[in-house]
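J.: With numbering that gives the first Met the number 0 applied, the sequence shown corresponds to residues 0 to 287, in that order.
Honestly, the hints are just simulated from the structure, not real lab data.
Every residue, glycine too, gets a C-beta built ideally from N, C-alpha and C.
Simulated restraints on C-beta separations: (1) S178 with N128: 15 to 23 Å; (2) S178 with S94: 31 to 39 Å; (3) E228 with L111: 40 to 48 Å; (4) N128 with T210: 37 to 45 Å; (5) A149 with S225: 38 to 46 Å; (6) E127 with E83: 17 to 25 Å; (7) D224 with S178: 19 to 27 Å; (8) S150 with S261: 38 to 46 Å.
25 Å max Cα-Cα, derived SDA-like pairs, lysine to any residue: (9) K56 with S120; (10) K287 with P204; (11) K56 with G124; (12) K90 with L48; (13) K90 with T133; (14) K90 with A136; (15) K57 with S207; (16) K287 with D232; (17) K56 with D224; (18) K90 with I50; (19) K56 with Q177; (20) K287 with L144; (21) K57 with V174.
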Amino acid sequence: MNKNDLLFSRLRVAACVLALSMSGCDDTPVTCESSKSGDAAAFLAVEGLTIQHSLSKKSGNPVDLTNLLVELVDPASFADPATEKPLASQKLDTSTLGGSPASWSFTSVDLLDTTNTLLASIKDGRTENPLWVTTYANVADAARLDELRASNGAIADVRTFALTRDAIDAVVAPVLGQSGGDVLARGVLIGIVVDPADACGDPQPAVSDCTVTTDRQDVTISYPDSRVEGLTDETANQGMFFAVPNAVGMASTANFTITAGSFDSREWATTSAWIVPGRVTIQLFVAK
0 MNKNDLLFSR LRVAACVLAL SMSGCDDTPV TCESSKSGDA AAFLAVEGLT
50 IQHSLSKKSG NPVDLTNLLV ELVDPASFAD PATEKPLASQ KLDTSTLGGS
100 PASWSFTSVD LLDTTNTLLA SIKDGRTENP LWVTTYANVA DAARLDELRA
150 SNGAIADVRT FALTRDAIDA VVAPVLGQSG GDVLARGVLI GIVVDPADAC
200 GDPQPAVSDC TVTTDRQDVT ISYPDSRVEG LTDETANQGM FFAVPNAVGM
250 ASTANFTITA GSFDSREWAT TSAWIVPGRV TIQLFVAK
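All chains, please: the whole structure from these sequences, using the hints.
T.: Below, the structure is given as structure tokens:
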């Protein structure tokens with residue numbers, strides 16, 4: 000791709016993001032020609048929202064919303080943390096994050112053909128004594144990325160979460176009977192079982208009375224109660240579960256299957272999620 004092609008590619012992607020932002024509740028798919036057919040890379044538009052997770056507020060300590068970064072990450076970089084580099088990064092506008100979601104967008108993500116999974120990350124930009132843990136959210140799996148490469152489409156409505164470190168120490172770890180350092184060293188998935196969003200993207204209601212299984216025997220699943228002060232046998236009214244490896248290991252994926260309670264006909268597809276030492280994955284598991 001020469002310099003002029005790259006310029007026009009990025010202009011097309013920027014126009015696609017504008018179309019996404021104006022689409023409102025229209026469910027008509029929005030696509031853009033972000034790279035020429037046959038190119039090794041696709042320049043994709045990605046946009047989403049960041050929410051301060053309720054566990055941060057439950058810790059009871061004041062939060063400093065400055066210095067948060069939003070990044071797009073290829074999990075292939077997890078193999079060597081020393082060389083882990085985002086595909087895209089920018090400072091998050093947190094002016095509304097205290098009460099409303101903070102929006103973000105990337106207009107030209109250089110997605111190489113070697114990338115088979117895309118994650119979004121919220122992290123603390125401080126190099127010393129970070130107040131926030133690094134969180135991951137799924138953006139697209141291999142099949143979805145192949146579709147995007149073929150159609151030059153855009154990814155919209157990615158949901159990410161900001162979570163304070165003290166939420167791990169003061170809320171999650173005590174419920175699990177572990178120290179915050181142990182939980183974070185192993186990596187933790189905070190899953191949220193929800194109904195689908197409506198056509199206008201209104202908040203997805205959490206689903207209670209569900210159980211979760213995984214194909215990983217070395218991962219333990221726990222269900223916090225409605226006050227996140229103890230454990231119960233199934234998802235409570237916030238639809239939450241924790242998945243933590245039994246020991247520190249390598250970054251890896253696990254498949255999770257959601258089963259609804261009695262007299263509930265809803266179904267969920269078995270879904271993969273990353274669990275990364277030193278990180279927190281916060282992922283929505285949306286009913287079909």
